[in-house]
Structures are given as C-alpha cells and as structure tokens.
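These two chains come separately, so use the hints to put the complex back together.
Order-wise, the sequence lines are chains V and W.
Going by the working numbering, the residue at position 150 of the first sequence is 150; the numbering climbs one at a time, nothing skipped.
Going by the working numbering, the residue at position 151 of the second sequence is 151; the numbering climbs one at a time, nothing skipped.
Accuracy of the hints is not assured; some may be wrong.
[Claimed, not checked] Cross-link-like lysine to aspartate or glutamate pairs, in silico, DMTMM-like; alpha carbons within 20 angstroms at most:
no., chain 1, residue 1, chain 2, residue 2
1, W, 212, V, 238
2, V, 215, V, 238
3, W, 266, W, 65
4, V, 215, W, 60
Rather than coming from a laboratory, the hints here were simulated on the basis of the structure.
Here are the chains, one letter per residue:
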Amino acid sequence: MTDVLTQPGALHLGDTPRVPFARLVRVELRKAYDTRAGFWLLVAIVGLLVVIPGIAVIVTLVNNDPIQLDDFVGIASYMASFLLPFLAIMLVTSEWSQRTAMVTFSLEPRRSRVVFAKMAAAVLLTVLNLIAGLGIGVLYTAICEVVQPDQTGWHLDAGNVAGFFVTALLAMLGGFAIATLLLNTPASIVLFVVYRFVLPGVFAALSALSDTLSKVIPWIDFQGAQGDIYEWTLSGAEAWAHLVVSGLLWLVLPLALGVWRLVRAEVK
Amino acid sequence: MSATTAPMSLDLSGTQRVPMSRLAKVEFRKSLDTRAGFWFTLTILALVAVVMVIYSFAADDTMKDFADYLPIAGGVLGYFVPILIIMLVTSEASQRNGLVTFTLEPQRSRVVIAKFLAGVGLAVCVMIAGFVLAALGTLLGTALGGTGEWSVDGNLVFNGFVLANLIGVFIGFAIAMLIMNTAGAIVGYFAYSLILPIAVGILSALSSGFEKVAPWIEFNTAQMPLFSGDYTPTGEEWAQILVSGTIWLILPLALGIWRLLRIEFK
Chain V
1 MTDVLTQPGA LHLGDTPRVP FARLVRVELR KAYDTRAGFW LLVAIVGLLV VIPGIAVIVT
61 LVNNDPIQLD DFVGIASYMA SFLLPFLAIM LVTSEWSQRT AMVTFSLEPR RSRVVFAKMA
121 AAVLLTVLNL IAGLGIGVLY TAICEVVQPD QTGWHLDAGN VAGFFVTALL AMLGGFAIAT
181 LLLNTPASIV LFVVYRFVLP GVFAALSALS DTLSKVIPWI DFQGAQGDIY EWTLSGAEAW
241 AHLVVSGLLW LVLPLALGVW RLVRAEVK
Chain W
1 MSATTAPMSL DLSGTQRVPM SRLAKVEFRK SLDTRAGFWF TLTILALVAV VMVIYSFAAD
61 DTMKDFADYL PIAGGVLGYF VPILIIMLVT SEASQRNGLV TFTLEPQRSR VVIAKFLAGV
121 GLAVCVMIAG FVLAALGTLL GTALGGTGEW SVDGNLVFNG FVLANLIGVF IGFAIAMLIM
181 NTAGAIVGYF AYSLILPIAV GILSALSSGF EKVAPWIEFN TAQMPLFSGD YTPTGEEWAQ
241 ILVSGTIWLI LPLALGIWRL LRIEFK
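Just chain W, same shape as in the assembly (with noise of 0.2 angstroms):
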C-alpha cells in the first residue's frame, strides 16, 4: 500500500536525448506537410510546368534543349525555395509551434541545425525535382521538333543551379529568423530580391561610380556572373560574391540565428 502512495518518480536519465536525423526529418516533414507548404510546392510545381509547356510551344526549335530547359526550371523554383524556408521557420512563432519545438528539444542550436539540415535537403530535392521537370520539358521539346541536344556545361549545373539555389535556401533563412514574421519576411526577401536590384539599377544608370562600387555591396548584382555568360565567374567577381555575400548573408544569418536562440515563444 505504501509504494502505491508514495510520489512517483520518473527517471529519465537514461533516456537518449532525440537524435539529429529525428529532428531533421521533423522539419523536413513541417516544410511540406503543413496546409500552407504543401499548397505552396504544388503551386511552384505547377507553375514550372505550365512555364515548360508554353516554352515548348512557343520556342525556336534549335532553343528546346535540355541545357535551355534547365535554367527555367531552377530560375522559376530557386526563386520561390527560400519563402518554403521562410514558412518553415517563421512557422514556429505564427502557428505557435515553437512552443512545443522547443519544448521537446530546448537546446536550440540542435533545432537550427536540424532546420539547416532539412533546408538543404529540400533544396536538394528540389534541384532533383528541376533536373526532372527539364529532362520532360526536353522531351516534350523533342516532340515537338527541337533538336533534344541533352549535354549541359558543367559551370551551369553548379554555378547557375546548385549554388544559387543554396545561396537562396540561406537567404530565406537569414531573412525569417531575423523578422520571425511569415508575413512580414516574405516582404523582406522580395524587398531584398526586387527592390534592392531595381534601386541599384536606377543608381547605376545615374552614376558610372556608383555601378562600379554596386557589385561589391549589393549582393543580387554580385551573383549574376553566376547566371549568365558562361556561368564563369572571374577572380574579381568571385571577391565581389564574398565580399557582398559576408554583408547580405553572413552577417544576417549569425544576428538572424543568435535571435533564434535567444526569442521568446509565447
């Protein structure tokens, strides 16, 4: 009778603490299997299809190969990735799920890693989705009587597609943890990703010295080398890509993750 009165102890030391690839696929799953994630990669889905289609109607037949369709795919879904990275992380304060996050798993840095982790495998499965759609859009191409040339530079696949896809998945994050808001960050990354651009690019016309300086402090300007030419960029536009890439992505990202570890969820 007396051990059933007795207060109950729970020992729990000898738990294991939740392992990382747990906490990864935990996140993983909030990306896209929320009502908002999942409508949203539907959607960007959708759109690249529709885009391919119409490309493939309307394109000059000797402009249907794999290498033409590759870009459209990875330009459309590059751009829209980081606002599914957003969700993913400005989610835990909206739909006040960071209350139970963090709860399951207080040590916080493990969490952020876990959301880098599941950022980069999304942006992987995206560029494996880009590669697939291209490869249909190529096909249907083909159909339609381009000549299907399926070789791709090199530069192009890691420059113009997987770099700048992870560039964008690190955007999204910086942006989202700084300003903890779905709303008020996808405003921020298309402030960042259009507006900034065209106010450089307004400057620029006005200023010969200003477009000479742009480069170095305006990151979207930076990465075009990435994007166009021969996807090559040269010694110099590689420091312009680091030294615009430390002021827009670096810094952002360690104030956006030490605000992270620090926030209260209410």
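So here's chain V without its partners, still in its complex pose (with noise of 0.2 angstroms):
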C-alpha cells in the first residue's frame, strides 16, 4: 500500500517502450501524401512525371528520331526534382502553419527525434520519386521499343542516375533547412526559389563581369559546384573543395541553425 505504482489512479509508464522510429517516420511520410496540401502536390508531380516525357514519347515517335531510357529517365527524375523541394517545406512547416505541432511534440517530447524522422521521410520520398523516374523510363522505352525498334536504346548510365539522386537529395535538404529556418510555408517556398534558381543565374551574371568575381564565385555558389555532381563528373581536389566550402556555408550552416531554431521554437 506504501508503494505509489499499486495506488488506484496512478499510471505507470516507466516500462512503456518510446515511440519506435519507424513509427515517426511512417507517420511523417503519411503526413506528406495524407493532407490536402501534400496530396495534391504529389498529384502535380506524378502529372509532371507522366505528361512532360510524354509529350517527349510523342514528338520523338512522330520525328521518327533515336531515344534512350537515359533520356526519358533523365527527363523524368528532372522535372519531379523541381517540386520535391516542396513537400519537404511543408512537411517542416505544415507543423506550424497547421498547428499540428502540439500534437507531434506532446507525442514525441524529444524533438530532435521528429527532426531526424523528418528527414528520413524527406530522403526516402527521393528515393521513390527515383524509382518513380526510373518506372516511367521503362514504360516509356518499351513503347518506343514496339513503335520503332530500330531507333530505340535501353542504354542506362549509372553515374546519370546516382547524379540525380545525389542533386535532388541536396536540394530536398536545402528546402527543409530553408523551412526550419523559417517555420512558413509560403515565405520559404519563395526562398527557396531563390536559392536554388535565382542565385545560380545572379552569380553567373556576376562572374561573366568581373576577373575577380569570377575566381570567387566557384567558393560560395553551391548549386554551381554541384554541376559536376549532375553529371557525375566531379573530379580534382579543387572541385571537391568548392562543394565543401560552399555546401558549408549553403546548406550545413543554415540546417544546424534550422534545427537549432526548430527544436527550441514556441510550439503556439
């Protein structure tokens, strides 16, 4: 009777095992197709993933011109790459703009867990839009293949392919350090947009002006330095400095100080 655990009323947790991982990333993945916003954003991806190499399978069969799944696969996984970003935006900052974070915080207290969920739920999304590139340029192939297999190619470059994935990977990381940064769906999309398609042409402008700024700029334009990477081409200790030094400053800073932010805001 002493002992407070046999007491009517009291609730002993202490043998009740944490939220297995797993979980939080099931539940992560679910909140990004299972939303309204996050559904119709997948829709807009697998529209993007269908209708442009589509358009592609047209005009080459109407042309009677020579294809490879390379070119579909690549064309594929490119157009996808372009939205992706997104949802790992608003996986992040849905926690805030839905309120739905007083729920995964009271659920998972341990926030840097739901973080790293997160993430896991944002890599394995890229995987799957890979797989989903990969099985149009297949479908697609095969019917070039039926039409005009004379002029048709099952050629598949494996740098191509880890060369997407590693790109898209970085830019999937880039928005969600851009969103734990920010907490906002719409302001970090517009970032977002900037960091990834403005300041590559501000500072290819930039570097076709000057002498000096054109030594520069290699050190601090991250997307430039993964150019290479896209075409799995990525040599030398110069390159491989350019991408460290500039994904430094462009991508792990703003994570750790994104994550830094995320785990300590105001749940409201």
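Right, here's the structure in full:
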C-alpha cells in the first residue's frame, strides 16, 4: 500500500517503450501524402513525371528520332525534382501553419527525433521519386521499342542516375533547411526558389562581369558546385573543395541553425 | 415611453454605396500594409539595391548606362511582383478577411475590379521605384567610372518594362484566383514561370518540330521577344503572344474571376 504505483489512479509509464523511430518516419511520410496540400502536390509531381516525358514520347515517335532509356529517366526525375523540395518544406512548416506541432511534440517530446524522422521521410520520398522516374522511363522506352525498335536504346548510365539522386537529395535538404529556419510555408517556398534558381543566375551573371568575382564565386556558388555531380564527373581536389566550402555555407550552416531553432521554437 | 420600446429600424436606403476609389484604396493598402506584404516588398527592393551595387562594381565601364540598369530593376521586380498580387488575393481566404471584405461590399465583382485597380496601381508604383533605383544605379555606375549614358530605347521601356510587368500582374491574379491558397498559388506561379520554360526547353532540344510550335502554346517562350534583341516583336511574334496569352492568361483569368465570384468564404 505504501507503493505509489499500486495506488488506484496512478499510471505507470516506466515500462512503456519509446515510440519506435520507424513509426515516427511512417507518420511523417503519411503527413506528406495524406494531407490536402501534400496530396495535390504529389498529384502535380506525378503529373509532371507522366506528362512531360509523355510529350517527349509523342514528339520522338512523330519525328522518328532515336531515343534512349537514359533520356526518359533523365527528363522524368529532373522534372519531379523541381517540386519535390516543396514537399520537404511543407513537412516542416505545416507543423506550424496547421498547428500539428502541438500534437507532434506532445507525443514525442524529444524534438530532435521528430526532425530526424522528417529528414528520413524526405530521403525516402527522394528515393521513391527516383524509382518512379525509372519506372516511367522503362514504360515509355518500351512504348518506343514497340513502335520503332531500330531507333530505341535501353542504355542507362549508372552515373547519371546517381547524379540525379544526389542533386535531388541536396535540393531536398536545402528546402528542409530553409523551412526549419523560417517555419512559414509561403516564405520558405519563395526563399527556396531564390536559393535554388535565382542565385545561380546572379552568380553566373556576376562571374561573367569581372575576373576577380569569377575566381571567388565558385567557392560560394553551391548550385554551381553541384554541376559536376549532376554529370557524375566531379573530380579533382579543387572541385571537391568548392563543393565542401559552398555546401558548408549554404547547406550545413542553415541546416544547423534551422534545427537549433526548430528544437527550441515555441509551439503555439 | 412607447417610442423607446418600439423596435428600432435603421434606414440604410439613403446610404451611398462604397465608392470604387475607396475600395481600390483599401485593396492597395492590403497589399503593402500587412506583415507579409510589408516585409516582402522591403526584401525585393533591398534585393534590387544589392544587385545594382554589385553590378556597379563588377560590370564593365561601358555597360553602366541607364539602359543597362533598367532591365535589371525591371527584371527582379517584375519577377516578384506577381507574388505580391497573389498574396493580395489569397489572403482573403487564408487570413479569412474575405468574410469582412464581402460583407462590407457584397457585390463581389466590384471587389474584383478594385483589386485589379490596386494591382495595376501597385505595378505603376513598382515601375516608378524601378526607374528611381535604375537612376540611382546609373549615378553610382557613373561615379565608379561608367559612361553614364541616359538615353533609353522606347521599345525597351514599353515592351520590356511596362507591358511585361502588367502581364506579370495579371498572371498573378489568374493563378491566385484559381488556386485561392497562398502557398499553392506561389508554387503554381513558379511552376508556370520556371518549370514550364525548362520543360519546353528540353522538349525543343529533342525536336525541332516542337521548337516551332512552342511559342504558340507557351506564354513565357512567346514573351521572349519583349525582353531581348531590339525589344520589338515581329507581327508573327505578336500573334504568338496573343495566342499563347489567350491560353495561359485570358482563359485562367476568366475561370479565376468566375471562381472568386462564387467561392464560399469561411
């Protein structure tokens, strides 16, 4: 009777296992597709995956042009990688804009686990995107194979696929970092577009203008430094150094600051 | 005594309807005097200023004329102003002020017209700001050794600056009214202005047949002659702008207005 735990009304949670990480990841994945915004964004991604290479199929068949599996996989993953980071952004910001953070962090108060679960979900989505791109590529190449067997090739360059995956992953993490920094959906989306598409243009224009700048800019232009990954031809100490330095500046630093903020931000 | 207990009646029939100028003024204020609108405007103006300062130091001395600075200011502002327009429309739903807006002015078409007026007014202000920033840039460029030529091609001003900005404003309206959600509309705008041209580029590279058709069906591609070369589209290029503009601007705009007039605000 002196034992507190046997008293009526006492709830003994000491033996309850913590929420397994796999379940956290599954929940985060579901947040990505089973919300209204996430669902429609996925529909748009799948639409891009299907429609743009589909137009390429029609154009190729009409012109009787030669085509490779490589081309389709490239187009499909490239188109999808545009919208995918927005999904990563919403995964983070919707906790604040839709106020799910209240529940999320009550059920799993160790916020860093939630952050890692979200990152894992983002990585999984990138993998799924790649698989979908490969699937679409095989399907469309098969169509071309049937119609014009002598013009169709099944060559697939492993380096290209790896390049797609790594650049898509870096873009996803860039979006993730911006989202954790701003915790606001529209602002993160705008800033991400500036980060990914406007900045490289500005850097390119500036390095064309002056010799001094063109020596400095490779060290700070993260998207530019990724160019060689995309082609899977990144080699040489300097190219790697460019990637590491610009990556520290544009990915590691914002991500660290963002996660630090997310772990401490007031949930309301 | 009986007068005070009788039900009060309020005679509103003599009250004048809200004048259009007031509606437009309110909408204009909504685009700048909100937290998001204020910071966004400040950020893009700062962005233009930063780009101009860097350009002034980096560019060749012969390329520091007013005609060089104007497209920079116009390009940066023109790219981001549609987002301001999107927020002006979608905030009616996302910030729920649609409930108040359409209670105070139940004739929604008047609010739509007021928003258009405010949007065009905003575009005019942005263009003036662009001119001022470009003039300041030219002064800075001259101070840093530029030739400081002030003459500009009229076609650059009208086609590349005024017309392009106005098209951007109405594109913003169309996407915003169709999607009626800030984040969704911004993604839609970027999909339209970034992804679409890239997709067209890839497909054009694959086939010259598609390349010929592209300007007729893709608005961004059709607008290129407005910003490049001698800023003067040929007759065929005007026709392409008209045809693709009908697909990507007039049609979505009409559907968007129709939707805004009927949407349920909650």
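Structure-based check of all given hints:
no.	hint	in the structure
1	212(W) / 238(V)	violated (42 angstroms)
2	215(V) / 238(V)	holds (12 angstroms)
3	266(W) / 65(W)	violated (52 angstroms)
4	215(V) / 60(W)	holds (17 angstroms)
Checked against the numbered hints above, the structure violates hints 1 and 3; every other hint is satisfied.
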